[in-house]
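Make one complex out of these two single chains by using the hints.
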Amino acid sequence: MTAGTDTAYRSTTSAARDGFAQLVHAEWTKLRTVRGWLIGLLVGATLVVGVGLLAAAATHASACTIQSATGQPVCHGIPAPTIGPGGEAVNDGFYFVHQPLTGDGAIAVRISSLTGLISSGDAQPGQPMTGATPGVQPWSKAGLIVKTSTTPGSAYAAIMLTGEHGVRFQYDYTHDTAGIPGAVSATSPRWLRLARSGDTITGYDSLDGTHWTEVGSARLIGLPATVPAGLFATSPDYQQITNHLGGGESGTGGPTQATARFDRLSRQGGWSDSAWTGTQVSGDQSLSGFTQSGGTWTVRGSGNIAPQVAGGSDPGQGLERTLIGTFAGLIALIVVAALFVTSEYRRGLIRTSLAASPRRGRVLAAKAVVIGAATFIAGLVAAAIVVPIARHMLRSNGSVVYPTSTYTEVRMIVGTAALLAVAAVGALALGTILRRGAGAVTAVIVAIVLPYILAVASVLPVGAGQWLLRLTPAAAFAVQQSLIQYPQVAGDYTPTNGYYPLAPWAGFAVLCGYTAVALLVAAVVLRRRDA
Amino acid sequence: MTAVRASEPPLLDHRGDPTPSQARRERWADLQDALHAEWTKMRTTPGAACLALSTLVLTAGLSAAAAAAASYTPGAAQDPTKISLTGIDLGQAIIAILAVVTISSEYSTRLIATTLTAVPRRITMLAAKATLVTGVVLAAGTAAVLTSVLAGRLLLPGNGFTTAHGYALVSLGDEPTLRAAAGSVLYLALIALLSLGIACVVRDSATAIGVVLALLYLFPILASAVTDQHWQRHLQQISPMDAGLAIQNTTNLHGLPIGPWAGLGVLAAWATAAMLAGALTLRLRDA
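Going down the list, the sequences are from chains A and B.
Per the working numbering, the first sequence starts with residue 1, numbered consecutively.
Per the working numbering, the second sequence starts with residue 1, numbered consecutively.
This is chain B alone, in the form it adopts within the complex (with noise of 0.2 Å):
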């Protein structure tokens, strides 16, 4: 007995707390547990099922419809694939929603409570939530991606994107337009972190999105409003949607105001400081 207990590395230092490899080996065990408490919540309401199925119809509706719009204009540099991808403007706002009612909910039904006494650390919490809406955001914004690339493919051709036009068809297999197409992806994901990060700090659901979508929306409007060249650059390379939607850029990479790569870095940076903010007064606010 004696013997099998001494081959087991020790659980207890010699003054009762955990070593510090046995404390990793519990807090992973807590972020398994917080991350199937998390998917429980997230699978028996119908709200996530529901965000994510409208993200994939409406992105996927937006896109077909602006490539349904699009025209070949002589002289003109289009892009196909980005005109593809347009519905990334509509979906992410259901993906913030998405993101702000995984936590916000909570607080609006005081679950955040039972949730917390559950599961005493909250950075092991919020890291299961982001966890969570990260993989359900990467599996809707792939579907949606993915149909709205088909919609580009089958659509675009008869307004006369074709290659009597000097356009190829739009595909995955150039490595310009994957890049487009897995960066939209990538950008719908930062976006939910960006959205579950300010819902931390601002808790009421309506507020939350009000900010999520003015942070996104009103710099592209600024920027078209401003005449003088050097702001209008400017506010584009720090806005999250226009730096951030960069990435689906496939043409005439030298004349954008940030580069593809560079831009969704900016979006990160700004997931990265909103999920900070949000970590931050989730420890040090009463709940």
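If we strip away everything but chain A, and leave its shape as in the complex, we get (with noise of 0.2 Å):
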């Protein structure tokens, strides 16, 4: 009848605490003791290594042409590319008309007309400009050159005239700055002037070579006291891109020849009184050659002063090759990432999960943490392993794999891994959204992947296919681009050919913005749903 005075009994075990890394401790917990999900994880750094290496073994480039007085294919291997002074792959060909620069010194001309000639497609080798017709490329150039040397690849510094593009000063190949624009008649002719002091080179251009507008300068590094100076002219093959049927496109081509009239010539500092040489810096010397009759000098060349780009005649191809596997470790890492959520829902575990932690969002913050961690890690090893045995692979299987810098490099494997680990927490949010493994994985698998396939390999235009690779979750894969696209070189930058429309981080961005999205409304959804 009386109240008692027994007092409710409590457990004498102090409660656990419930703080966040305990909870990631749980989950990392579930994720190391369920054998499938690491054999999952296992499989996912396999495929990455496996199947870049196996696409590496399974390319053999060869250069091949028909041998003219046998009819036979002569195959070899394509030759190393020419390495600029940044390390670069490079074009250097182009005819130089030169005389030795000793110390300071300048050169001004007067440019009157730019003009040139384009092969036909189906021109007979050894007479490539048999039906050319006449025309001049947009990147076309002629105009006057300081260069350490005459070797192919070596650092300069141009004052030139375009096709196109009006007045450029360009050093190193990647270095491009404009001036005046607009092309050059015998009425409206342009004046160049390239002026040497130290190891500085200013580039300034003239409508009337009394008034000169400095256009660029530029230090060349160990630029020796005597360097050939004088005028050059060079023209780039011509592309024509084709759409094929099943998947991309390719390109027919064929060289294009520049001739550029200059008079009015003056020099002062260093100059000797030698007679001018001209030299075909490497590439095709039949197109090349120039004539000086009183003041005025024609000069003729063929090639290209430009870093190298993929697609269409350059033949070598971008280290994100090494990186293809990407996609197959991507699918077994999804896989894995949808599982860690959706089988708490089969087996009932889900209830218990949220009765240890009853702040729902925590569990979702804690999984996607632990899921992330694992997938990262598990790419980071994976793309860290091949990118440096593919490519070494490629090179000894006679292929040009472009260099990159070291920097590319560390983004290109740190983004892969961040790529598998982005793509991995969206298919954990999306399989708390849906709660079914099957439906999540298509979903991730289907926004990732398939916008890649429809841009690389369908029956949509390129710039279809560029929109894709702007607004899906694929624009993600732009991290793993190793090519830089220049504007001043003319190329056929193509998801194809390795460029993506985004910048790396830009293209990431858009995943990690989907995929913040997907937590969102996962969490939302945990917190409101029954489990």
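Everything labelled a hint here was simulated from the structure, so no lab data went into it.
Predicted, not measured: the structure shown is a model, and the values here were computed from it.
Incorrect hints may have been included.
[To be verified] If we take Cβ atoms under 10 Å as the criterion, some of the chain B residues that face chain A in the derived model are: (1) Ile94; (2) Ser104; (3) Thr207.
Glycine residues also receive a C-beta, built at the ideal position from the N, C-alpha and C atoms.
Set out below in structure tokens:
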């Protein structure tokens, strides 16, 4: 009857801490102890490496030419590319009319015409200009150049007139500054001036030869005291891109020739009085030459002074070819990530998980941290292994892999790992929303892999493919781009050739955005819905 | 009484086992029962109808988008029919889910134990599922392909694919287009059988769909990355997706790595292999 003094039983063990670290530890224990998931992570990493190595082993590049005497194809490995001062692969083919310049000095000239010839697609070997049509390429170049030596790939600075891009000051292949725009004619010539002071070269342009404007200047490190300097002309191969059925496009093309007329040449400083020497700096000599009569020089040349770009006539490939296994690894890791949450629903473990940690958002966050970290590490190790080995295999198979800077290489490897991790977190979020493994896996794979296929290997036009790689999560593969797009080089900058429409980290951010939205929806749904 | 009995074929032989003709009849009746049971399962859960509808919407949607994005390029050999059927690339993923969950959802809910108690002949159960899934996919696929062709017919002339440029209207009256359209429906059915076979082996739905999509999507990516033309052709010849979708080409058939029907045959070989592997594991393994 009387109220007892008994107190309710209380366990003497102290309550476990429920910090976020404990939650992460619990999720890590789940991931670590399910054998199938560990195998899945391992399979993902192995696929990144294995597929990359297989693709490299299956690539035997060779350049074949039909020998005119016997009619038999003669194949040989593609020659190693010329490397410029910045370490990039370059083309350095032009006709150079030069004299030695010792110490400081300057040269100025008037250019009154730039014309050209474009070879026809079916010209005979040995006679490339049979049936050629007149026309100048947008990036045909003629003007003044100072170069460390006549060796291909050496440092240079030049002021030039181009076919359609006006006057430009360019140096060391990758640098380009615009001067006076517009084309030349006999009534509207351009004046060009190049001055050396120490190891600094400065380019000027003018419309009348008296009022000069500085276009740009460059310091060429290690410029010797005596350097070849003078007039040059060159014209890049033209390309015609054809769309092919079933995917991609290919280019046909051929050599072109530029012819420039110079006069009113004047020099100051340490020039010698020796005769002008004509040198073809790598490339086809049959399209080049110069004539001098009185004060007028006519210089013809073919080739290009520019960094190499993928696609078209340059046979190399980007380093991202070594990471082709990312797609295979991605699928395996997406499956593991989706199962990491959907199997909790299937087995009812989710109720235990949410009972142990009633703040549901934190459970989701802990899961995301664990699956993100695990897939990041798996991807990082795999990418770091496959890139150097596959590059070595490609090169020993005779392929040209364009050199990349260390920063680019690190960005590609870390970016690949981050791509895999963010995609896995996305799969986890969709798995939470849909609660079905099949739906979540399909949605993520279709969102990331299918747009890539449609962009690089389908009947869609290039423009539509580029939009897909801007708007869909597949944009993230831009983080693997090793090639640089140069506005001053005409190239086939399409996804098929490894050029993405977005900058590397901008593309990655698109995937992050989709994943963030999915995580947010997953957190809301998890909180609102009965488990 | 006995006279009537004598005129009927014997049901049991002298040992008391069913005679061969009677056994065949029983198996046929079993299959009909199994089909009816599977149809009831599919009819009464919303999943299949939802997925069939998604196939129609997504396939037609992507096809229409591709037709709207396509542009006439002088000199390039473009294939209006293939452009109109681009949506199959996406639709096949939904078909794969439909086929995979038909069997794997039974494993995840343990319904498989009940199913196999009711239909102890496992091959009969698989045959019933395969027949039903094929039927549903043929229906959904036909609707999706017809809508896609219609979208191409309406949208492509606006993008320069006109008779003035040498392109006829996409029409099922043309034999190659009819072949491409009918072949695309068959393609989806074969993808469903391939997925069903893989799901029998793998059982888990997420893993099975991962395997199916890897098999479909990885070959085209590899083929686009390998620069060696010889390897590229070989990859496209054995790839279930590249080879199977060769059925959609109506122009430049000689330039293809594999002919339309031969390509669909490659996919049929993949599907057969998957179904055989599925049937074998279903028979040999404990459910």
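Query raised in the report: Which hint numbers does the structure go against, in order from smallest to largest?
Result: The structure conflicts with no hint, since it agrees with every one listed earlier.
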